[in-house]
Amino acid sequence: MKKRILSSLLAMTMVVASITGCGAAAEQAPAADTTAQTETKTEEAAPADNTQAAAETTETASDEPVTLKWALWDVSSTVYYQPLIDAYTAAHPNVTIEMVDLGSTDYSTVLGTQLSGAGSDFDVVTIKDVPGYVSLVNKGVLEPLNDRIAADGVDLSLYNGVTDQVTIDGSLYELPFRSDIWVLFYNKDIFDKAGVDYPTNDMTWEEYDKLARSVTDTTPGAEVYGSHYHTWRSTIQLDGILDGKHTIVDGNYDFTKPYYEMVLAQQKDGVCMDYATLKTQGLHYSAAFAQGNVATMNMGSWFIATLIQKIKDGEYTDCTNWGIVKYPHADGVEAGSTLSTITALSIPTSAPNKDAAWDFVKFVSGAEGAEVMASTGNIPAMTNKTIVDIIASMDGFPTDDASKEALITSHTYLEMPANDKSSEIETVLNEQHDLIMNEEVSVDDAIAAMNEGVQAVLAQ
Amino acid sequence: MAAGITAMEKNMKRRQRKRNLVAYSFIAPNFIGFAVFTLGPIVLALLMSFAEWDGSNAMKFVGLDNFVQIFSDDRFTSALKNTIVYSIFTVPITLIMALGLAILLNQKIKGTNFFRTVAFFPYVASLVAVAAVWNMLFTPAKGGIVNQLLMNVFHAQPLKWAASSSTVMLTIIMFSVWKNMGYYMVIYLAGLQGISEDLYEAASLDGANAWQKFRHITVPQLKPTTFFVTIMLTINCFKVYDIVYMLAGGSNGVVNKSAIVLVYYIYEEAFRNWKLGRASASALVLFAIVLAVTLIQFKGEKNYAND
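Listed in order, the protein sequences are those of chains A and B.
Residue numbering for the first sequence follows the numbering used here, starting at 2 and increasing by one per position.
Residue numbering for the second sequence follows the numbering used here, starting at 834 and increasing by one per position.
FYI, nobody ran anything at the bench for these hints, they're computed from the structure.
Hints may contain errors.
What the hints assert, rightly or not - No farther apart than 30 Å at their CA atoms in a straight line, the calculated lysine-lysine pairs in the BS3-like style are these: (1) 893(B) <-> 194(A); (2) 1012(B) <-> 269(A); (3) 975(B) <-> 1090(B); (4) 975(B) <-> 140(A); (5) 422(A) <-> 975(B); (6) 140(A) <-> 1072(B).
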C-alpha cells in the first residue's frame, strides 16, 4: 500500500512539476503581456469614449475584466496559441487569457487528474484526442454544449461531419478547432537523384510500395530509406480502415494483415528503418525525416507547420525540398480517403466563467479562429476553399500544385472513434503491434490475439 | 479516607493527562502529516479496493470483484510474474556485486576515493540520462556497441535487448544492478570499517587464509548490514517502475506484457483507464507480498542471530 501512495505521490509530483516546471516560464510571459494590454485599453476607454464602450458592452455582454484559464500543451513549440489569443483579446479587451501548459506526453492523464479534483479552476480545456475526450465525458467533468450551440446558432455542418463522430448519447461536449489529416510527406531531392517520378495524389498501396522500393539504397553508410513508419500503431494498422468498411474498435482486425505484411517485408529488405531500433532510441519522426535519407513518410498534417518553421530557422537542412501527396489508398477506394484527428476545446463543469469561456470557444472554433489557424500553417477543423488557399500560400509551403491538392480530402476517418473502452482497446492493439513489428509473433497469431483481446474488452 | 484517595487519584490522573498532552503535542506535527498524507490514503485505498470508482462519479461497492478481475487479467498476472522474477534476480546479484566492490575498495590502494566515486556515480546520476545512454549502448541495431562486441569478440548473435520480449527483463535487471550497486556498496563499506582489525590479526596469527578470514570474520560481522541491505533491496525491487518505464516504454510510452511490473500496472489502471478500484486492489496485493517477504526475512534474521 506504501507503493500505492508512492505512485500517487509520484503522479502528483508529475502534475505539479509539469505545471510549475514546464508551464511557468512560457505561461507567465504572455499572460503578463495581455494584462498590460488590457489595462491600458480600459484606461483609455473609460474616461474618453463612451460610445465605444457601449458598443463593446453589447458585444461581450460585460466589460468586467475576466481571466480565462486555458489548459493546453507545448506552449513554446506551438505556433497558434498566441495568435488566437491576440485575435480574441483584440476584440474583447476585458478578457485576459492565461495559458497553463500541462505538457504533451501525459496531457490527457494530467488533465483528467486535475479535473477530478475539487480545486481545478480551468475555464477552457483543450482536448487532445478522442480517448481522452471519452474518458473525461465518462467522468462527467465536461459541460454539454448542445444548448449553447442551439442558442447561438452555431452551424455544425461546417465541421464536415466530425462533430457527429464525437457526439455521445446525443450530447456534444467539445467543439473542434483543429483537424489534422494524414498525408504522405516526401523528399523531392531523393527522387530527383534516383531519377524516379514523384509520388502522386492517386496511388494505391501497391504503387506506393513499388515506389518506395525503387528509391531505396541499402549500401551501408549511405542508406536511403524508401519509407518510414513511426512506432505508433496508427502508421500501419489504420491504413486498413480507409475503405470505410472497418473501424479500429470492431473487434476484428483481419483487415490489417496486408499492411503488416507490406511493412514487414519492407523492414526485412531495409526499405524502412528497423522498428526495434526506432523504439529503443526513441527517434522522433521529425528527426528521422530531417536526416534527409527518408524518401517518404506517412504522417499527420501537423508536421507541415513544424517542417516549415524548422527549415526557416535553418535547423533542418537536408529535407528543404519537400512535398506532400494524398495518402495512398486500397484498390477501389477513392483517393483522398484519409485518417484524421481532431483537437477541440471543452468547458469543464467546474469552470468559474462559463459564459466567457463559451464565447472564446466559439471564436476559436469558428470562422475567425479558423483563419488564424490557417495563417500559422495549421488546418482548422472548419475548412473550405479559402482556408486551403491560405495554408498553401504560406511562405515555405511547397509550391507545386499536387501539394496543395493533397490537402483536399474525400473521406476522413477518425483515428479512434468515440468509444467507452478506447483506452483498453489501445492497450491490446499496442501490445500486438509491438510484437508483430519486433517479429516475435506471426501476423496471423497477433491478429488472432487482437481479436480475442479486444472482444474480451468489448464484452466487459 | 476513601474520599482522600479518590482526590489524590484524580489529581494524579490530571497530572498524567497533562503530561500526556504535552507529549502528544510534540508528536502531533509529525503525526498530522502522516495521517493526512499516508494514513488517509492507505485507508482510502483499502476502501477503494472493494469499490468501483473512476475518480469523479459515485463510488459503487462491488465486494471482491476487483480482486477476481485483476487475477483474470493477464496484464496483471504478467506484472506479478515479472516483478517477482525481477526481484529474485536483482536482490542477490546486487548484494554480491555491492559486497565485492566494497571489499575491493576497502583495500589500501591508490585512488580508492576515485574508484568509490566511479562506483557510486550511477546511483546519483539522473535516471533519464543514464537510461538514454544505456539504450544507446544496448541498441538492438547490429551497429550498436554491445552488439558489435557480441558479434566480433564472442562470435554470438546480436540481441535485441530492451526491444525484444525475451531479453527485456535481462536488460532491465542488468541496468538496475549497475545503477544501484554503488549505493549498497557504500553501506557495506561502512559495515566493513566497523569490523575490528584485531579479529583479522588474531586470525592471521592462527594461520587463516584470506578466504577463511572472509568466510568466518567478514561475513558474520556483516550480518546486520546484509540484513538491512536485503530488506531495502527487496522493497525497492517490488516498487520498481521508473527503470522499466525508461527502458521498455519505448517512444510511445507503452510497456508490454513482457516487461510490465506491478507499480506500472497500478499506474496504468488508475490514471490511464481510471479504474481506481482495480488499481487499489493491485496495490493491496503488492502490499501483501512485500509484507510477507519482509516478515519472512525478519523471522530468518532472528534464527540467524541465535546461532
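Okay, the hints, checked on the actual structure:
1. 893(B) <-> 194(A): The given pair, whose Cα atoms are some 65 Å apart, is violated under the 30 Å limit.
2. 1012(B) <-> 269(A): Judged against 30 Å, a Cα distance of about 35 Å means the pair is violated.
3. 975(B) <-> 1090(B): Holds, because 25 Å separates the two Cα atoms, which is no more than 30 Å.
4. 975(B) <-> 140(A): Not satisfied, since the Cα-Cα distance of roughly 47 Å exceeds 30 Å.
5. 422(A) <-> 975(B): Not OK: residue 422(A) and residue 975(B) at ~39 Å, beyond 30 Å, violated.
6. 140(A) <-> 1072(B): Holds: residue 140(A) and residue 1072(B) sit about 29 Å apart, inside 30 Å.
Checked against the numbered hints above, the structure breaks hints 1, 2, 4 and 5 and satisfies the rest.
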